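Protein chains: 2
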Amino acid sequence: MLVNIMMLASQDQSNELGITVKKVNDLGLGWVVTQHIITVKRMPQIYEKVMVATEAASYNRYFCYRDFWIKSEAGEELAKMHTVFVLMDQNKRKIARVLPELIEPYASDYTKKIERLPDPGKIVTTAQVRNKKYQVRFMDIDSNQHVNNAHYFDWMMDVLPADFLLTHLLTKMNIKYKQEVHYGDVVASDAQISGDVKTVHRIKTDKGLCCTAECSWVKHN
Amino acid sequence: MLVNIMMLASQDQSNELGITVKKVNDLGLGWVVTQHIITVKRMPQIYEKVMVATEAASYNRYFCYRDFWIKSEAGEELAKMHTVFVLMDQNKRKIARVLPELIEPYASDYTKKIERLPDPGKIVTTAQVRNKKYQVRFMDIDSNQHVNNAHYFDWMMDVLPADFLLTHLLTKMNIKYKQEVHYGDVVASDAQISGDVKTVHRIKTDKGLCCTAECSWVKHN
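Taken in order, these protein sequences are the chains called A and B.
Residue numbers for the first sequence follow our numbering, beginning at 5 and rising by one.
Residue numbers for the second sequence follow our numbering, beginning at 5 and rising by one.
Careful: at least some of the hints might be erroneous.
You can't tell identical chains apart in this list, so a pair holds if it fits in one copy or across any two.
Claimed, not checked - Calculated cross-link-like contacts (lysine to any residue; reagent style SDA-like; alpha-carbon spacing at most 25 Å):
hint	residue 1	residue 2
1	K116	L106
2	K53	N8
3	K45	L106
4	K84	Y187
5	K182	Q149
6	K26	N64
7	K26	T171
Don't read these hints as lab results, they were simulated from the structure.
Computed from a predicted structure; not experimentally measured.
Whole structure, please, built from the sequences with the hints as guidance.
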């Protein structure tokens with residue numbers, strides 16, 4: 005929900021700037037997330053009012069970098085997120101060059117530099133792997149005709165044991181999307197818990213690896 | 005989401021009256037929905053502001069009846085819902101008598117009458133039945149330690165074909181909850197589409213029938 009709300013803020017900004025989903029789709033394109041790096045200092049509490057801020061920070065020929073912040077009413081930073089977007093050609097299902105008319109309204113900085121963000125840790129095949137399978141639901145699909153990024157969290161969290169989820173809070177997450185998942189696909193969600201309260205995750209379909217993630221947690225009661 | 009928002013309005017009212025979930029849980033009880041009858045005149049549109057209203061209408065020894073309305077800013081009624089609540093004993097997992105201290109703050113009418121609400125239509129075993137199976141997820145569970153009512157909609161809608169969901173709008177739904185579903189259960193969601201654009205639904209676990217529903221739809225493009 006935290007990520008959904010942040011993504012909605014970027015959608016609101018895009019609408020205000022006239023870069024609607026319809027306008028992007030009419031060009032045969034769609035904005036797609038390839039990576040989120042999330043840091044949570046404190047989760048918003050029930051009935052708490054928060055502020056959501058976002059800025060299209062910079063871009064190069066293929067990648068657009070955006071930052072998000074969630075702040076308390078007093079201005080305390082509760083969470084932040086750094087996200088990599090690409091434009092996907094909706095027919096070829098491949099990354100397209102960033103079109104000037106779709107990026108200029110955001111007034112973000114052009115840079116030749118491609119960010120080198122850390123990759124999520126990998127599952128160690130020798131240790132115990134938790135696994136569940138999920139069938140993609142109709143409501144998981146978004147305007148890009150594939151599973152929306154937010155639904156990968158459901159699969160990744162649900163495979164962890166209930167007693168772990170009840171006693172741990174997420175502090176960091178690095179999630180990288182490699183391949184689309186479609187309506188009708190069955191995904192395998194694999195996870196491994198390591199002693200330093202980290203979890204590593206992998207989402208696969210019969211077409212191969214689709215997504216990897218690494219989470220850091222703190223114990224609470 | 006529509007039902008979630010209405011249920012949240014009733015939770016807000018309960019909090020304002022001091023009948024919090026914690027207070028009810030501390031008595032070993034929980035409010036549980038046994039039936040919703042929903043009528044939708046027009047679904048709220050994206051970015052539309054709506055008003056959600058609710059009233060605890062009446063109650064008898066075991067059943068509490070509550071009404072909900074969703075209205076446009078101009079006061080047009082968009083949707084309404086009539087809901088039956090019972091108090092469940094959290095240990096015995098059985099219906100308990102309505103406690104005076106939990107119902108009096110709502111100032112609803114006491115009545116001896118038990119409402120005779122229509123039952124949802126049944127699946128006809130001779131016609132084609134659509135079926136999918138779903139494993140209950142950790143996030144489906146609510147403060148009553150069972151699947152929250154809203155998640156049954158996901159299972160019931162997802163079993164319908166994508167081209168039906170893309171071309172039809174829900175106008176009415178009658179859903180009746182018979183038995184709890186728990187974390188770890190696998191549910192079978194059965195559905196049948198009839199020619200007069202009605203669908204009938206059934207949710208079963210290996211403990212038997214848990215929920216039935218009947219939906220009316222209109223075609224759109």
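Results of checking the hints against the structure:
With identical chains, the CA atoms of K116 and L106 are at most 25 Å apart within one copy only, with a shortest distance of 18 Å there and 65 Å across copies. In this assembly of identical chains, K53 and N8 lie within 25 Å of each other by CA distance both inside one copy and across copies; the values are 16 Å within and 19 Å between. In the homo-oligomer, the alpha carbons of K45 and L106 never lie at most 25 Å apart, since the shortest distance is 33 Å inside one protomer and 38 Å across protomers. When the C-alpha separation of K84 and Y187 is checked against a cutoff of 25 Å, the pair qualifies neither within a copy, at 30 Å, nor between copies, at 32 Å.
Taking the closest pair of Cα atoms, K182 and Q149 come within 25 Å of each other only inside a single copy of the chain (16 Å); across copies the shortest separation is 36 Å, beyond that limit. In this assembly of identical chains, K26 and N64 lie within 25 Å of each other by CA distance solely inside one copy; the values are 23 Å within and 52 Å between copies. In this homomeric assembly, K26 and T171 come within 25 Å of each other (Cα to Cα) only across copies, at 19 Å, whereas the closest approach inside a single copy is 42 Å.
Hints 3 and 4 from the earlier list are contradicted by this structure; the remaining hints agree with it.
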